[in-house]
Every structure is written in C-alpha cells, then in structure tokens.
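Asks: My request is simple: use the sequences and hints to build the entire structure.
First to last, the protein sequences are chains A and B.
Take the first sequence: its position 205, counted from the start at 1, is 204 in numbering that gives the first Met the number 0, and no numbers get skipped.
Take the second sequence: its position 25, counted from the start at 1, is 24 in numbering that gives the first Met the number 0, and no numbers get skipped.
Honestly, I wouldn't trust all of these hints.
Unchecked claim - Among chain B residues calculated to face chain A with C-beta under 8 Å, some are:
no. : residue
1   : 87
2   : 108
3   : 109
4   : 127
5   : 147
6   : 165
7   : 224
Unchecked claim - Label pairs and their in silico Cβ distance ranges:
no. : chain 1 : residue 1 : chain 2 : residue 2 : range
8   : B       : 64        : A       : 202       : 44 to 54 Å
9   : A       : 149       : B       : 121       : 42 to 52 Å
10  : A       : 236       : B       : 223       : 21 to 31 Å
11  : B       : 56        : A       : 152       : 23 to 33 Å
12  : B       : 269       : A       : 195       : 25 to 35 Å
13  : B       : 223       : A       : 62        : 35 to 45 Å
Claimed, not checked - Just a sample of chain A residues kept apart from chain B, beta carbon distances all over 10 Å, derived:
no. : residue
14  : 14
15  : 75
16  : 94
17  : 116
18  : 209
19  : 235
20  : 265
21  : 299
No lab work stands behind these hints: they were computed from the structure.
Glycine is no exception: its CB is placed at the ideal position from the N, C-alpha and C atoms.
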Amino acid sequence: MCGIAGLIHRGNTSKVGFELQGMLQALKHRGEDSTGYALYGKTNGENFIMRFKIGENVAEGSSSVKEDVSVYDERKKIVDSYLSELGAKVIKEDRILPYSLRYEIQYDKDLMEFSQKIESVEGVEILSMGKSLEVIKDLGNAEVVCKRYNLDKVVGTHAIGHARMATESGVDIKSAHPFWGYPFSDVSVVHNGQLTNYWNNRRVLENKGMRFMSECDSELIAVYLAEKMRNGATLEEGMKESLVGLDGVFTYFVATKDSLGMAKDTMAAKPLVLYESDDLVALGSEEIAIRSILPHEIDTYDPFDGEVKVWQI
Amino acid sequence: MANLKTSEKKTKAQSMGLHSEVLTGKTQQKFFNPDEAENFYYFGTYDVDFNKRTEIDVKNMECREANKKIDELMKDGYGTIVIKNPQGKHSLGVGILNKLNLIFEGSLGYFGCGSMDGPIVRINGRVGWSCAENMMAGKVVIEKNAGSCFGAAIRGGDLICKGSVGARTGIDQKGGTIIIGGDAGAFTGFMMQRGRIIILGDVGINLGDSMYDGTIFVGGKIGSFGSDAVEAELTDSDQDWLKRKLKVAEIGENFDVSKMTKVVAGKKLWNYDALEPTEKKGAI
Chain A
0 MCGIAGLIHR
10 GNTSKVGFEL
20 QGMLQALKHR
30 GEDSTGYALY
40 GKTNGENFIM
50 RFKIGENVAE
60 GSSSVKEDVS
70 VYDERKKIVD
80 SYLSELGAKV
90 IKEDRILPYS
100 LRYEIQYDKD
110 LMEFSQKIES
120 VEGVEILSMG
130 KSLEVIKDLG
140 NAEVVCKRYN
150 LDKVVGTHAI
160 GHARMATESG
170 VDIKSAHPFW
180 GYPFSDVSVV
190 HNGQLTNYWN
200 NRRVLENKGM
210 RFMSECDSEL
220 IAVYLAEKMR
230 NGATLEEGMK
240 ESLVGLDGVF
250 TYFVATKDSL
260 GMAKDTMAAK
270 PLVLYESDDL
280 VALGSEEIAI
290 RSILPHEIDT
300 YDPFDGEVKV
310 WQI
Chain B
0 MANLKTSEKK
10 TKAQSMGLHS
20 EVLTGKTQQK
30 FFNPDEAENF
40 YYFGTYDVDF
50 NKRTEIDVKN
60 MECREANKKI
70 DELMKDGYGT
80 IVIKNPQGKH
90 SLGVGILNKL
100 NLIFEGSLGY
110 FGCGSMDGPI
120 VRINGRVGWS
130 CAENMMAGKV
140 VIEKNAGSCF
150 GAAIRGGDLI
160 CKGSVGARTG
170 IDQKGGTIII
180 GGDAGAFTGF
190 MMQRGRIIIL
200 GDVGINLGDS
210 MYDGTIFVGG
220 KIGSFGSDAV
230 EAELTDSDQD
240 WLKRKLKVAE
250 IGENFDVSKM
260 TKVVAGKKLW
270 NYDALEPTEK
280 KGAI
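Replies: And the structure:
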C-alpha cells in the first residue's frame, strides 16, 4: 500500500532529514521494502549535486542480480570520463556505498544531454540532479536508510519521502521512490496508489523523448509533470492536468527547489492527512506520521477528492 | 430478496424515529424491541458505574495494550474512562460491547471505535479513516474533522462529526444516523442500505451512488448525484425529525432544516425480486 510523507518549513530551515525519518518510520507498517528521501538542503545554490547509483543493493528481498564491486569501479571510471567530456567539473566526490555516490558538480549546459550521456553507461542511474535536491533511496525501512546514509543531520527547508511496499515492480533501488523529474533540476515525486494507464502514457511520452528508468508506474507521474513543464506549464497547472491525464488511484507529492505540492485523485481513494500552519506544512498518509514531529494536539484534515495544493517555502 | 414497503403499523422503536421502512417478503427483519433490551447479553460485558471515573495515558502504549487496559478498567467497574495522548494511534476503543463513557483527549488514527455496541464516546480531536466502522449502537461525537469511510457499514447508533469528513462517508451503511457539521467528500452514502445521513455543509460528487435505501439530507451544495440517487420531497415529518436529531446531537443550532435537500434511492436499479436464471428454469 505504501506510505508517503512530506514537510515544508516556510521561511526557516530545520533538520529535515531527521524529521522525515521520523515521519516515514511511523509509516513503516505501510511498507518497508524500500525507503526514499528527497531532501532540499541548505546550499549555496551554485553547484549541482548529483546523486547516482552504479549498481543495485542486493540485500535480502532484493530482486536484483549480484554484481562484483569491480564492475561498479569500472562504471565509475566511465562516468568520470564522460563528465570530463561534458565539461562538468567535479568539485567534491563522495562514494557513500560501493553502489551509491554523491558528486558536487559545476555544470552550466543542457541537463537532458548530460543525463542521457551519463545514463548511457549500463547500470548507472542518476537519482537526482539539483542545486538543493538530493534523492536518497535504498532497501529497508526509514531508520535503516537514514542511518546508512547519515541523513539525520541534513538541514534544509523541505522534504518528501516514501515507504514502499512493492506491488507493481521489483524490490530494488531503481523502482524505489522518490523519482527525479528528469530532466528538470530539483524536481522530485513520491506516490501512493496505482496508475492504470501507465503503458499508454509511457508510450506517448517516450515518443516525445522522455526517459523511463524503471517499470514502476509511479515514475510516470514525474515524467508526466516534467513533460508538461517542458512545454511551459507551471507545476500547479501540470498537477491539475494530471488529475485527468492519469488514470487510477493516487495521492502524490511533488517538490521543487522552493515549493511542495500535493494532488489527490477524483475518487479520493488513497489517504492523506494534512497539517498547515504559518511556518510549517506537514502531510502524510496517516496522522501518526505528522505526530512524530508534532506530538502536541493539532488540527488536521483530509484534503478532498481532486484537490491540488502547492506551498512555497 | 425482500420487497420494501412502508407499514402503518409501527413498533415502539419505529415511533422513536429509528426506522422508517419494514422489510417484507423473503427477507425478514427483526426490529429491536426495547422491552427485550434487558435480555440482551454479550459475553465479556461488565456492570459499570458512570460515576466511577479514571484516566489512562496511552502515549507509550500500543493499541492492543491500550484496548486491553480499557477492558480491565471496565471489569473493575469504571464507567467513565478518559484516554490521554492518543496521538493519532490506530484502532483505539474498538470492540467495546459495554455501556461506557469514553473520552479521548486528542486525535485517533484509523478504525477508531470500530465494531462497538453501546458506549458513549467523545473525541476531542480528529479521527482517521473508518471511524466507528460497523458500530451497532451507542454514540460517538468527534469535535474536529474525520477521514474517509466515516461510519462505514454502521448498523445503529449516532455518529456525529462537528467538522468536515472525507470521501465515502456512510459507505454500506445499514442503519443508525451520521451527522456532519461541515462538508463531506465524494461518494457520500455509497451503496448505503438503510439509516440516515445529515450533512449541514456541502457534499462532493456522486452523492448516494448506488444507494439501495436510506435517506441523505444535505444543507449545502451537492457536487453531483450518484447513480440511482434522486431528490425527494422534504416532509414536515422529516423536518421535525431533523430538528430533534440536531438538538440531541448538539450541532447546527438555529440551522434552517426547511432548506435541506432530501436524497433517496430512485430504486430504478433494484433487481431484488427478479429470479436467478436457474430459478427461472425451475419456474418454467
């Protein structure tokens, strides 16, 4: 069934990694095949941060094939050479896990061309590309992933996350949420539900040059919105169009560099609880997610069917 | 299946406004008889004293532990129990088949107060999905908002939300009354079979979709009618009942019930008495 959570501090920063970890851990009964974080950190806004994977986590329950670490090393070498070819300067490089890396990059050209080149390396996927966004996703529950990637100290303005029960595709990082809104900098999406016109939409979007990295239906939302924005729609306009264009049941969150939005399908088949105040908006599949960061008595409500909302930092 | 008709012969319970229809035909329904109430007995129910009051803090308890504690307190004769710090936990206050005053000082998660029969519950907060699902009797009052599937499949009692509720309120409702002080979402009264829903605010699309029976009263705007849901005449009797019900529920003071819209089943989709194909063969 999956659980989603998000929060946005308005006019302030906070330890969003720690807060989101608490929210997602409260939802772990909704699925702990994998957990993903999209954190919008406090950065100088000059360089891109690229989170990417060069292999899969082949832990218990994984649907991936085990590869030797030397394969990862070889892939990293190719990525490094491609970055050089693209004119991207690596300012800082962290290999957090054998298969997971974080690069701080100076780059000022087309992101689509960049992504296509990097992802042409077999087994390599850019999880996120942005000047404040970092997508971190892996197998296990929120606590496990947070600890594995040291996320509890990340300071930022907003974040969205996902606790996944795999139903439509494999237990692996490529099918885990959040999905990056390729090729847009700093756009990420998490989704709870099932989309029934996935293949129809996918075929249309692929013909328009959009890229899909998994067979997870939720990825469609990120690609769908990215395509709308590529054609000049605002985020909110794209989200409103998605209520008609996407078929099935869904509640999803989308975040950009300075905003966070939610959309709920016209049957309101998937849950969402919302808390709004002047300085904080917190939302999740269940109230207990919000309670993990706001233990005192608060006023919350369920957005209605077909509702779209967007908040700015 | 049964042929539904309005009978002039009303039982004592019906005269109190508990039922408006009598089932006849193949299906028989036994109405609750107040004279026989004392003969009702549930295993595991206790004699409690409403003046005997206690509090429990469930902040660090799992829902099973908290529900077990409530049961133990009823066994000790406590008739008024206050639950502190529920903090949105799921499945609190479920399966209580006892007379009891139960007060939650805070919000509940999913399935709060489900499958209960008898208690009077006040929730000084919000409730998540499927509050009071399958309630048989009693009264639940929610001071704030409620999630979707509010009062799903209830068979009796009063379920009152002073705020707004999500989608599919009263889905599969089989009796009792649901009262909403604010707005309600899509598919309210979806497939309801009996009972009444009162919404003082607006309601979303597909109101009363595929409802078999029962009545929905709406004070505000209606998004759209669902399949086989139709508007009916609001009678004086309806207005009297609405006034009485709202007064007892302590909600909508001075609300003008004469402007409410009454929605019932069009009964065009009914196929109850049609024979199954195999039965038709037998008849021939």
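Asks: If a hint holds in the structure, say so; if it doesn't, say that too.
Replies: Okay, the hints, checked on the actual structure:
1. 87: Check passed: Cβ of residue 87/B comes within 4 Å of chain A, closer than 8 Å.
2. 108: For residue 108/B, the interface hint holds, since the closest Cβ of chain A sits about 6 Å away, which is under 8 Å.
3. 109: 7 Å, holds
4. 127: 6 Å, holds
5. 147: Cβ of residue 147/B sits 6 Å from chain A, so the hint holds.
6. 165: With a closest approach of 4 Å, the residue 165/B hint holds.
7. 224: 16 Å, violated
8. 64/B with 202/A: 44 to 54 Å: Between residue 64/B and residue 202/A, where Cβ atoms are some 52 Å apart, the hint holds.
9. 149/A with 121/B: 42 to 52 Å: 45 Å, holds
10. 236/A with 223/B: 21 to 31 Å: With a Cβ separation near 25 Å, residue 236/A and residue 223/B satisfy 21 to 31 Å, so the hint holds.
11. 56/B with 152/A: 23 to 33 Å: 32 Å, holds
12. 269/B with 195/A: 25 to 35 Å: Since residue 269/B and residue 195/A have Cβ atoms about 30 Å apart, the given range 25 to 35 Å holds.
13. 223/B with 62/A: 35 to 45 Å: 43 Å, holds
14. 14: 21 Å, holds
15. 75: 44 Å, holds
16. 94: 40 Å, holds
17. 116: Label holds. Min Cβ-Cβ 46 Å, cutoff 10 Å.
18. 209: 31 Å, holds
19. 235: 21 Å, holds
20. 265: Given a closest Cβ separation of 7 Å, the condition is violated.
21. 299: Violated, since 5 Å does not exceed 10 Å.
Checked against the numbered hints above, the structure violates hints 7, 20, 21; every other hint is satisfied.
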